[in-house]
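Residue numbers (my numbering), protein chains in the order written: chain V, 312 to 804; chain W, 144 to 324.
Keep in mind that the hints were calculated from the coordinates and are not lab data.
Worth double-checking, as some hints may not be accurate.
Claimed, not checked - Straight-line distance between alpha carbons at most 25 Å, and here's what the computed SDA-like set of lysine to any residue pairs gives:
id, chain 1, residue 1, chain 2, residue 2
1, V, Lys340, W, Pro279
2, V, Lys340, W, Glu156
3, V, Lys514, W, Trp323
4, V, Lys616, V, Thr591
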Amino acid sequence: MSQQPEQHHEIHRPPVLRPGHSLLSVTEKISTIVLTRHTSTGWWIGFIVGFIGVMLLLLGITYLFIAGIGIWGLNIPVAWGFAIVNFVWWIGIGHAGTLISAILLLLKQQWRTSINRFAEAMTIFAVACAGLFPLLHLGRPQFFYFLVPYPATTGVWPQFRSPLMWDFFAVATYFTVSLLFWYMGLIPDFATLRDRAHRWGAKVIYGILAMGWRGSSRHWRRYQDAYLLLAGLATPLVVSVHTIVSFDFAVGIVPGWHETIFPPYFVAGAIYSGFAMVFTLAIPLRAAYGLQDFITDRHLDNSAKVMLASGLVVAYGYLMEAFMAWYSGHAFETYVFTNRFTGPYAPAYWSLIVCNIVIPQALWFRRVRRTPIALFFISLVINVGMWLERFIIVVVSLHRDHLPSSWGMYSPTFWDWALYLGTIGLFVSLLFLFIRFLPMISIAEMRELVEEHDQEGHGQQHAAPPLHEPPVGQEGGTPPDASPEEDRPPESS
Amino acid sequence: MVPLQPYFGLLAEFTEPEDLVAAARTVHEQGYVRVEAYSPYPVEGLSESLGFTRSRLPLLVLIGAFLGGIGGYCLQYWVAAVEYPLNIGGRPLNSWPAFIPITFECTILVAALFAVLGMLALNGLPQPHHPLFNVPEFANYASTDRFFLVIRADDPQFHETRTRELLESLKPMAIYEVPWV
Numbered sequence: 312m313s314q315q316p317e318q319h320h321e322i323h324r325p326p327v328l329r330p331g332h333s334l335l336s337v338t339e340k341i342s343t344i345v346l347t348r349h350t351s352t353g354w355w356i357g358f359i360v361g362f363i364g365v366m367l368l369l370l371g372i373t374y375l376f377i378a379g380i381g382i383w384g385l386n387i388p389v390a391w392g393f394a395i396v397n398f399v400w401w402i403g404i405g406h407a408g409t410l411i412s413a414i415l416l417l418l419k420q421q422w423r424t425s426i427n428r429f430a431e432a433m434t435i436f437a438v439a440c441a442g443l444f445p446l447l448h449l450g451r452p453q454f455f456y457f458l459v460p461y462p463a464t465t466g467v468w469p470q471f472r473s474p475l476m477w478d479f480f481a482v483a484t485y486f487t488v489s490l491l492f493w494y495m496g497l498i499p500d501f502a503t504l505r506d507r508a509h510r511w512g513a514k515v516i517y518g519i520l521a522m523g524w525r526g527s528s529r530h531w532r533r534y535q536d537a538y539l540l541l542a543g544l545a546t547p548l549v550v551s552v553h554t555i556v557s558f559d560f561a562v563g564i565v566p567g568w569h570e571t572i573f574p575p576y577f578v579a580g581a582i583y584s585g586f587a588m589v590f591t592l593a594i595p596l597r598a599a600y601g602l603q604d605f606i607t608d609r610h611l612d613n614s615a616k617v618m619l620a621s622g623l624v625v626a627y628g629y630l631m632e633a634f635m636a637w638y639s640g641h642a643f644e645t646y647v648f649t650n651r652f653t654g655p656y657a658p659a660y661w662s663l664i665v666c667n668i669v670i671p672q673a674l675w676f677r678r679v680r681r682t683p684i685a686l687f688f689i690s691l692v693i694n695v696g697m698w699l700e701r702f703i704i705v706v707v708s709l710h711r712d713h714l715p716s717s718w719g720m721y722s723p724t725f726w727d728w729a730l731y732l733g734t735i736g737l738f739v740s741l742l743f744l745f746i747r748f749l750p751m752i753s754i755a756e757m758r759e760l761v762e763e764h765d766q767e768g769h770g771q772q773h774a775a776p777p778l779h780e781p782p783v784g785q786e787g788g789t790p791p792d793a794s795p796e797e798d799r800p801p802e803s804s
Numbered sequence: 144m145v146p147l148q149p150y151f152g153l154l155a156e157f158t159e160p161e162d163l164v165a166a167a168r169t170v171h172e173q174g175y176v177r178v179e180a181y182s183p184y185p186v187e188g189l190s191e192s193l194g195f196t197r198s199r200l201p202l203l204v205l206i207g208a209f210l211g212g213i214g215g216y217c218l219q220y221w222v223a224a225v226e227y228p229l230n231i232g233g234r235p236l237n238s239w240p241a242f243i244p245i246t247f248e249c250t251i252l253v254a255a256l257f258a259v260l261g262m263l264a265l266n267g268l269p270q271p272h273h274p275l276f277n278v279p280e281f282a283n284y285a286s287t288d289r290f291f292l293v294i295r296a297d298d299p300q301f302h303e304t305r306t307r308e309l310l311e312s313l314k315p316m317a318i319y320e321v322p323w324v
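Bound-form chain W, shown alone (with noise of 0.2 Å):
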C-alpha cells in the first residue's frame, strides 16, 4: 500500500494534561475529525473534548451477558432433560432452581469475555505497530508523563502550513512531523 500523504500527520507534545484537553477542544472545533490525543494516564474530559462521547462497549457486554445466561441455561436443559434424561425419584428434568449457580456464572463468564476481547477489538488492538512510534519523542515518553496530540495528514481539513499554524497557536512544547517508515 502506497500512502497517498507524505508523512501520517503533525504531532504536538504538551507537559500539562489540561493544556492538551484544551488543544483537543479547539482543534475539534476547528472541525478536524481525524484527531486524536494520547495521554500515559485516562484524563477525564479528553475524549469528550474530541467529540467522542459514547462507546458502544456496554452494550456489547449486554450482549455477552445475554448470550451467557441464555446459552448456560440451555446447555444444562438440553443436557439434562433432552439427551441425558436421568429419573432420580421421578423428579421433575428441567429443575431449574439447580440450575441457577452455572447459569450465573456462564451469564458472568461471557459477559467479562465480551468486556475485555470487545475492548480490544473496538480499539483495534493488537496493533503492535504505528507509525506514532517513529517518533522517538513519542515512544519514549507517551507512556510516562507527556501528552501528546496529532492530526492526521488525511484529514479532510489538513493543510500542510494551516495546521501547522494552528498547531503553533496551541503553544505546545513541540511539533513533529510523524514519518511514514
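Just chain V, with the same shape it has in the complex (with noise of 0.2 Å):
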C-alpha cells in the first residue's frame, strides 16, 4: 500500500545532474567562469560592496589596537559581548561545509558533490572570520602567541585544562584540516585549469598550485585514500570544534551556561546555521552564473531537509533548556529563563522563536522546498536567529549575575558593529575572489557523476523495463512490488 506514492515520489524526484552532459561539457561550463577574461559589473559591485566591509573591519581593528576593548560595549558583568557571540556564530556557519564534504561523502550522498567545493570554501572563509574574534578580545591581541606552547624565555606555559586552550587547538586544527581537505579537492582541477588556460600568467600560477598533476592511476588512487581518511577525520573533529566551544560556556557555572545539552545542541545548531548560509549563498550563484543544470532542485530540496531536521534538534534543545530550568528548582536556574522571556531582552529571545523555530516549519511543505526565493528568505531569517540565539547564550546570560546588586545591561556601540559587519565584508570578499579565480564546483567529482549517469542511462535503454512503468497486464492480479528488478533471480540458468 505505502509503496505507492513511494514510487510516485522517485519518478518526480529531480536528478543530481540535469541530463545530456559529457566530461567535456561540464569541464568547459565551470572553468569558463574562471578562465574567462570578461569579469561581470555583478561581480564587481558584490566585491566592492565586501571591500567596503573590508576597510571598516580595518578601521574597527585599528581603534581597538589603539584604545583597547573599552571601545566596545562591554562591562562587568557582561563581560562577553558581540566578540564572542561572532566567533561562535561564524564558527558555527563554517560547520555546513565540513558536514557536505566529509559526513555527506562517507554516506555516499551523491548529491553532495556539485555543493561541496563552495561549502568548504565558505567553511573556510568563515573560519577565518571566527578566529579573528577570540584573538581581538584578548585585550593584548599582540601577545596572542602566548597561546602556542612554546619554550618562552619567561618560563611561563599555558594552562592545558582551560576550556580556552581547547578551543585554541580545536580552532585552529579546524582550520588546518578545512584548508587541506580544500586544497587537495582543488588539486585536480588546479590542473585542468593549467591546461586549459591561454594565459602564460594564468597557466603559470595555476600549474604551480596544480604541483605537476598529471591524473596518473597510482596517484588517484593514493589520492582516493587520503581524500576518504580525510573525510573520515574531519567527520568527528567538525563535532569536536563546537563541542569544545560550547565547552567554553558550560564549564562555567553561570547560570544558563552550565548545561550538559550544550555540545549536541551547539553541533546541531552550527549545522542549521551552516545551511541556512549554503542558502543564502547557493541560490543567488547559481542565478548568477547559470547552474541550474549543476545545483538542482534535489540539492535545495536535500538540504532544505537537512536544515528542517537540525532546526528541529535546535527546537528540542531550547524546549530541554526551558524544562531543565523549571525542573531542577534551581532558582537561578529558573530566573534565567524567566529573564529571557520577560526580562529586559525579551523581544530577542521572541525573535529568535520565530525566527529558527516558527518560520522554518515552512520547510515540512515540499512547495516551499522547491522555491528558492522562499528558501532565501527562510535562509536568511535563520542566519538572523542563529545570530541571536549566541546573543541570548552570551549577553542574556550574563547581564543577571547571581548578585542583584552585579546587574548590568550591555548595548553595543559602533565600534562593535563595525566588526561585525566588518568580518562580513571580509567574508563576501574572500568569497568573491574565490568565484573568480577557482572553480566553484569541483570539475574531477563532476567528471566522475557524469560518468556514472552515462552507465546508468544506458543499464535502463539495454536492461529491464523502468521501473515507473508497471507491466499493464498485472495490475491488481499480483500484489504490488516495489522493485521489480530486484526480486528477479540475477541470471536465469
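Got two chains here, separate frames each, mind docking them using the hints?
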C-alpha cells in the first residue's frame, strides 16, 4: 500500500545532474567561469561592497589596537559581548561545509558533489572570520602567541586544563584540516585550469598550484585514499569543534551556561546555521552563473530537509533548557529563563523563536523546498535567528548574575557593529575572489558523476523495463512490489 | 643526466575509460612493468588493472594519528606535571580528563597532515614538469576527457616495434612518441 506514493515520489525527484552533459561540457562550463577574461559588473559590485566591509573591519581593528576593548559595549557583568557572539556564529556557519564535504561523502550522498567545493570555501572563510574575534578579544592582541605552547624565556606555559586552550587547539586544527581538505580537492581542478588556460600568467599560477598533477592512476588511487581518510578524520573533528566551543560556556558556572545539553545542541545549531548560509550563497550563485544544471532543485530539496531536521534538534534544545530550568528547581536557573521570556531582552528571545522555530516549519512543504526564493528568505531568517541565539546565550545569561547588585545591561557600540559588519565584508570579498579565481564546483567529481549517469542511462536502455512503468496486465492480479528488478533472479540458468 | 632511451616512452590515447582499463590490463598481463594510465577523474579498477592494489597511505595516516595523539598528551603532561606544575587545591597534576580534548585535536591534526603530505610525497609531487607534457594532446586533453596509457622506454620488455604493435592492437585513437624535451 505504502509503496505506491513512494514510487510516485521517485519519479518526480529531480536529478542530481541535468541529463545531456558530457565530460567536456562539464569541464568547459565550470572552467570558463574562472578562465574568462571578462569580469561581470555584478561581480565588481558585490566585491566592492565586500571590500568596503573589509575597510570597516580594518578601521575597527586599528582603533581597537589603539584604544583597547573599552571601545566595545563590554562591562562587568557582561564581559563577553559581540566578539564571542560573532565567534560562535561564524564558526557554526563553517560546520555545514565540513558536513557536506566529509560526512555526506562517507554516507555516499551523491548530491553533495556540486555543492561541496563552495561549502568548503565557506567553511574556511567563516573560520577565518571566527578566528579573528577571540584574538581581538584578548585585550592585548599582540600577545596572542602566548596561546602557543613554545619554550618561552618567561618560563610560563599555557594552562591546558582551560577550555579556552581547548578552543584554540580545536579552531586551529579545524582551520588547518579544512584548508588541507579544500586544497587537496582543488589539485586535479588546478591541473584542468592549467591545461585549459590561454594566458601565460594563469597557466603558471595554476600550474604551480596543481603541483604537476597529471591524473596518473596510481596518483588517483592514493588521492582517493587520502580524501576518504581525511573525510573520516574531519567527521569527528567537526563534532568536536563545536562541542569544545560549547565547553567555553558549559564549563563555567553561570546559570544558562552550565548545561550538559550544550554540546549536542551547539553542534545541531552549527549545522542549522551552516546550511542556512549554504542556501544564502548557493541560490544567488546558481542564478547568476546559470548553474541550475549542476545545483538542481534536488540539492535544494535535500539541503532543506537537513536544515529542517537540525532545526528541530535545536528546537528540542530550547525546550530542554527551559524544562531543566523548571525541573531542577534551581532558583537562579529558573530566574534566568523567566528573565529570557520577560526580561529586558525578551524581544530578542521571541524573535529568536520566530526565526529559528516558527518560520522554518514552512520547510515541511515540498512546494517551499522547491521554491528557491522562499528558501533564500528562510535561510536569511535562520541566519539572523542563529545569531540571536548566540546573543541570548552570551549576553542575556551574563547580564543577570547571581548577585542582583552586580546586574547590568549591555548595548553594542558603533565599534561592535563595525567589527561584525566588517567580518561579513571580509567573508563576502573572500567569497567573490573565490568564485572569480577558483572553480566553485569540483570539476573532477562532476566528471565522475557524468560517467555514472552515462552508465545508468545505458543500463536503463538495454536492461529491464523502467521502474515507473509497471506492466499493464499485472495490475490488480499480483501484489504490487516495489522493485521488480531486485526480486528477479540475477541470471536465469 | 643523459637519458639512455631516445624517447620517454610510447603513449596511446583513448576516448573511453573502459578501453583504457582493458588496455591497461592487457599490457600488464604482457609483463610490462613501467606502465602508467592517466585519466581526468579516478576510474574504478584502473590502478588495480596495472597491479597497483595496495597503497601505503592508510598505514602512514595511522602512524600520524599515533604520533599526534601521544605527542599531544605528552606535551600537556610534561608542561602541567613536570615543567610548570601548578598546585590548585591539591588536585592531581596529571589531570588526564582535562587533557583529552587537546589530545584528540592533535591526533586529528597530525593524521590529516600525514594524509595530505603523505599522498603528495608518495606520488612524487610537486613535480612541475614531466616528459608527458611534451605531447600537446596529453597536455591539453588529459585533464578534460581523454584517457592515456604510457609504456616507458626503460621498461625491460620494451621493444620499439613490438611494443608499438601491441599498443596498436589495443585500438587506441592515436599513438605518440613522448620526447624528452
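Checking one constraint from the list: CA of lysine 340(V) to CA of proline 279(W), max 25 Å. Satisfied?
holds (22 Å)
Please verify whether lysine 514(V) and tryptophan 323(W) have alpha carbons no more than 25 Å apart.
Holds - the C-alpha atoms of tryptophan 323(W) and lysine 514(V) are around 21 Å apart, at most 25 Å.
When you check the alpha-carbon spacing of lysine 616(V) and threonine 591(V), does it fall within 25 Å?
Measuring from Cα to Cα gives roughly 16 Å; hence the hint holds.
Given the hint that lysine 340(V) pairs with glutamate 156(W), does the C-alpha gap stay at or below 25 Å?
It holds: about 24 Å lies between the C-alpha atoms, which stays within 25 Å.
Consistency note: the structure conflicts with none of the earlier hints.
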